[in-house]
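Trainee: Each chain is listed here by its residues.
2 protein chains.
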Amino acid sequence: MTEPAALKSPKWVTMQDVARMAGVSTITVSRALRMPDKVKAPTRERIDAAIRALGYVPDQIAGSLSSRESRLVAALVSTMAGSIFASTVDGLAQALREQGHQLLLGTTEYSSESEEQLIATALSRRPDGLVLTSGEHTPAARQMLAHAAVPVVEVWDLPEQPIDMAVGFSNHEAGRAMTRFLFDTGRRRIGFVGAMQEGDRRGRLRLMGYEAALGELGLGAPRSVADAGIASMVERGARNFVELMQRWPDTDAIFCASDSVALGAVSEARRRGFAVPEQLAIAGLGDFDFAGEHGLALTTVRIPGYAIGAEAGRMIIRRKQGDQDTPKSVDVGFEIVRRGSA
Amino acid sequence: MTEPAALKSPKWVTMQDVARMAGVSTITVSRALRMPDKVKAPTRERIDAAIRALGYVPDQIAGSLSSRESRLVAALVSTMAGSIFASTVDGLAQALREQGHQLLLGTTEYSSESEEQLIATALSRRPDGLVLTSGEHTPAARQMLAHAAVPVVEVWDLPEQPIDMAVGFSNHEAGRAMTRFLFDTGRRRIGFVGAMQEGDRRGRLRLMGYEAALGELGLGAPRSVADAGIASMVERGARNFVELMQRWPDTDAIFCASDSVALGAVSEARRRGFAVPEQLAIAGLGDFDFAGEHGLALTTVRIPGYAIGAEAGRMIIRRKQGDQDTPKSVDVGFEIVRRGSA
DNA sequence: TTGAAAGCGTTACCAG
DNA sequence: CTGGTAACGCTTTCAA
Chain A
1 MTEPAALKSP
11 KWVTMQDVAR
21 MAGVSTITVS
31 RALRMPDKVK
41 APTRERIDAA
51 IRALGYVPDQ
61 IAGSLSSRES
71 RLVAALVSTM
81 AGSIFASTVD
91 GLAQALREQG
101 HQLLLGTTEY
111 SSESEEQLIA
121 TALSRRPDGL
131 VLTSGEHTPA
141 ARQMLAHAAV
151 PVVEVWDLPE
161 QPIDMAVGFS
171 NHEAGRAMTR
181 FLFDTGRRRI
191 GFVGAMQEGD
201 RRGRLRLMGY
211 EAALGELGLG
221 APRSVADAGI
231 ASMVERGARN
241 FVELMQRWPD
251 TDAIFCASDS
261 VALGAVSEAR
271 RRGFAVPEQL
281 AIAGLGDFDF
291 AGEHGLALTT
301 VRIPGYAIGA
311 EAGRMIIRRK
321 QGDQDTPKSV
331 DVGFEIVRRG
341 SA
Chain V
1 MTEPAALKSP
11 KWVTMQDVAR
21 MAGVSTITVS
31 RALRMPDKVK
41 APTRERIDAA
51 IRALGYVPDQ
61 IAGSLSSRES
71 RLVAALVSTM
81 AGSIFASTVD
91 GLAQALREQG
101 HQLLLGTTEY
111 SSESEEQLIA
121 TALSRRPDGL
131 VLTSGEHTPA
141 ARQMLAHAAV
151 PVVEVWDLPE
161 QPIDMAVGFS
171 NHEAGRAMTR
181 FLFDTGRRRI
191 GFVGAMQEGD
201 RRGRLRLMGY
211 EAALGELGLG
221 APRSVADAGI
231 ASMVERGARN
241 FVELMQRWPD
251 TDAIFCASDS
261 VALGAVSEAR
271 RRGFAVPEQL
281 AIAGLGDFDF
291 AGEHGLALTT
301 VRIPGYAIGA
311 EAGRMIIRRK
321 QGDQDTPKSV
331 DVGFEIVRRG
341 SA
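First to last, the protein sequences are chains A and V. In terms of this note's numbering, the first sequence is numbered consecutively and its last residue is 342. In terms of this note's numbering, the second sequence is numbered consecutively and its last residue is 342.
Please note: incorrect hints may appear among the correct ones.
[As the list claims (entries may be wrong)] Derived pair list, reagent style BS3-like, types lysine-lysine, alpha-carbon separation capped at 25 Å: (1) K328(A) with K11(V); (2) K328(V) with K11(A); (3) K320(V) with K11(A); (4) K11(V) with K320(A); (5) K320(A) with K38(A); (6) K320(V) with K38(V).
[To be verified] Okay, the calculated beta carbon distance ranges per label pair: (7) D37(A) with Q143(V): 26 to 34 Å; (8) G322(V) with K40(A): 42 to 50 Å; (9) P327(V) with G340(A): 44 to 52 Å; (10) E45(V) with R68(A): 30 to 38 Å; (11) S112(V) with P159(A): 33 to 41 Å; (12) S67(V) with E113(A): 20 to 28 Å; (13) P159(A) with Q324(V): 50 to 58 Å; (14) A53(V) with L54(A): 45 to 53 Å.
[As the list claims (entries may be wrong)] Part of the chain V face toward chain A, derived, beta carbon under 8 Å: (15) L65; (16) A81; (17) R125.
Calculated directly from the structure, the hints in this document are not laboratory data. Glycine included, C-beta positions come from ideal geometry on N, C-alpha and C.
Could you put the whole structure together from the sequences, leaning on the hints where they help?
Mentor: Structure, rendered in structure tokens:
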């Protein structure tokens, strides 16, 4: 009850106020802010002085409504936990800021709403672009996005039928490449751990790449364990590892769907007395923070997550600026990084 | 060149269009959307039908300008990489969505702009609240925030002079508690690793807590190593570990400023043949993803990061709704979790 | 180089 | 329960 006035009228300084103080019209203030060259120096200086004196902060909401551009890009990710999208979001935020745009972040995992709902909520901000990490979309969602005519970038995968644009790599090839790498280091009884049954397109693709390599190399039937009901990837890695070794005790190498899964597998393996990598090679995918040489020293498939985010941001901006030949699909590739675990 | 029209006029369906189709005025559509009870059922149904038929998505920009509420909360974090704020952002996003709000995320680390600039940019969206992770603020920044009269929540710390509200824990107490815990498990020559010289208030506080405990327990002079120029926390942990053991070879326990630092220290220690925890106990802080029992099994100070984010979101909403007695400061506490490393 | 007027799409405020 | 009218704070467009 001490400051009802402040609550009732958190009155922002408006462009009008600045204009009055500087003795010009609002449009001139607007110009001084956005195209300083088009305003005579003395005028501009008076305006700048007024802005500082009043502590004026432009109202982007009004600006956006008027100019019909929000300078906002929305990104929808499952979770930030688990390291997967952390650097991608960093890269995206960075690229956007460099271009004077901001990031609207939505997380989907703990949400009961459908993807359509989430997309609709994002679209209600009239973003200049949308970054999607999910990989699979309902026809309704696709239609909604087409209808909105907003640049869309799908990341961390290269869908055959991208909604609009995509920045990522071939998860299938990555799975195949690591399997072949393990083969090249002498392993012959290679298992796979950590893909989920459903809603995990990327994991499934990695698994399929692994299976393809197995076939090409004549390594026999796949040894893979998947499951649904486990919360964390690390725990999944630990549990699936145990199951895999029970079913195929002579396994000499395990490729994990991600570094988080690999962390669980490596930890459980060491706990159970397996010598990693001598007795059992374990490899991951992602090259997450903790996998580096100063940390777990995990042999992994490095994915340039930061670059994915940055490129996605740039593509949206370019498209927005009317660039006709923005690439539809950018393959950032991957790289096998051999460290201590395989 | 196939659809220049679509590019030139990504014409959004407006409330006007819906109103026309349903044979009502726009304000009735608006009401049907926001207060369905205040609209007669048949009318509402016609409106809903029109909305679906036209694929209408409300324009929050216009709505915000008119209602003077953005339903947007801005969060400024240093980076998403490094696991620290991942679950806090998840918690925040989740709490906000439950209340019909969205998250505007800004990262500061790779930015050359000052905090003032970043805050100003955020404020230009007229957010309903601001979540700050930095810990230290220039007088200009504080003034700007005061001027804006926007709810502000500082997280992961409990400043003595919060700008407005705070959700966190005592970093000093946490440092003290872990040091005492190490003492209780029999360690007497305890080192500290991983605080930066500057711009790292929380790390400094943990170090001070460690030093305080040392004094109280009569454990002699601090053994701490800090440095500035290392990129990743994991690498810092590895490097500082080496330096610490060179200067004080008889050290029998190390408390690390964060789990990332601890990961580096543990890894380097094992690489150099130290038996962890028998010969050398190593503890971290944070209870990050990778530190769990299925992973590194790191003894650590668990910080409820998700809860911090969720509570911050709720506080902003409550404040916005005019709750007079929103707590100024919420201590979420911490908890020592003993696992394999100490 | 500057300005006046007309929106942008929605919601607040009053009427009916 | 429904609607008319006037904002909201800025940018666009057209003139001067």
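Trainee: Against each hint, give a clear statement of whether it holds in the structure.
Mentor: Structure-based check of each hint:
With a C-alpha separation of about 23 Å, the suggested pair K328(A) and K11(V) falls inside the 25 Å cut-off, and the hint holds. Proposed proximity of K328(V) and K11(A) is supported: the alpha carbons are some 23 Å apart, at most 25 Å. Between K320(V) and K11(A) the alpha-carbon distance is near 15 Å, which keeps this suggested pair within the 25 Å criterion. For the suggested pair K11(V) and K320(A), the alpha carbons sit about 15 Å apart, so the restraint of at most 25 Å is met.
Between K320(A) and K38(A) the CA atoms are separated by roughly 24 Å; this keeps the pair inside 25 Å, and the hint holds. Taking the CA atoms of K320(V) and K38(V), the gap is near 24 Å; set against the 25 Å cutoff, the hint holds. Remark: the range hint 26 to 34 Å for D37(A) to Q143(V) is upheld by a beta-carbon distance near 31 Å. Our hint of 42 to 50 Å for G322(V) and K40(A) holds, since their Cβ atoms are close to 46 Å apart.
Judged by the Cβ atoms, the range 44 to 52 Å given for P327(V) and G340(A) holds: they are separated by roughly 48 Å. For the pair E45(V) and R68(A), the supplied restraint of 30 to 38 Å holds, since their beta-carbon distance comes to about 32 Å. Between S112(V) and P159(A) the CB atoms are about 36 Å apart, so this pair conforms to the stated range of 33 to 41 Å. At about 22 Å, the CB distance of S67(V) to E113(A) agrees with the hint of 20 to 28 Å.
At roughly 51 Å, the beta carbons of P159(A) and Q324(V) sit within the given window of 50 to 58 Å. For the pair A53(V) and L54(A), the beta carbons lie near 47 Å from each other, so the given range of 45 to 53 Å is met. Annotation: L65(V) was flagged as interfacial toward chain A, and the flag holds, the nearest CB pair being 5 Å apart, inside 8 Å. Of the supplied interface hints, the one on A81(V) holds, with its beta-carbon coming within about 5 Å of a beta-carbon of chain A, less than 8 Å.
At about 5 Å, the closest approach between the beta carbon of R125(V) and any beta carbon in chain A falls short of 8 Å, and the interface hint on this residue holds.
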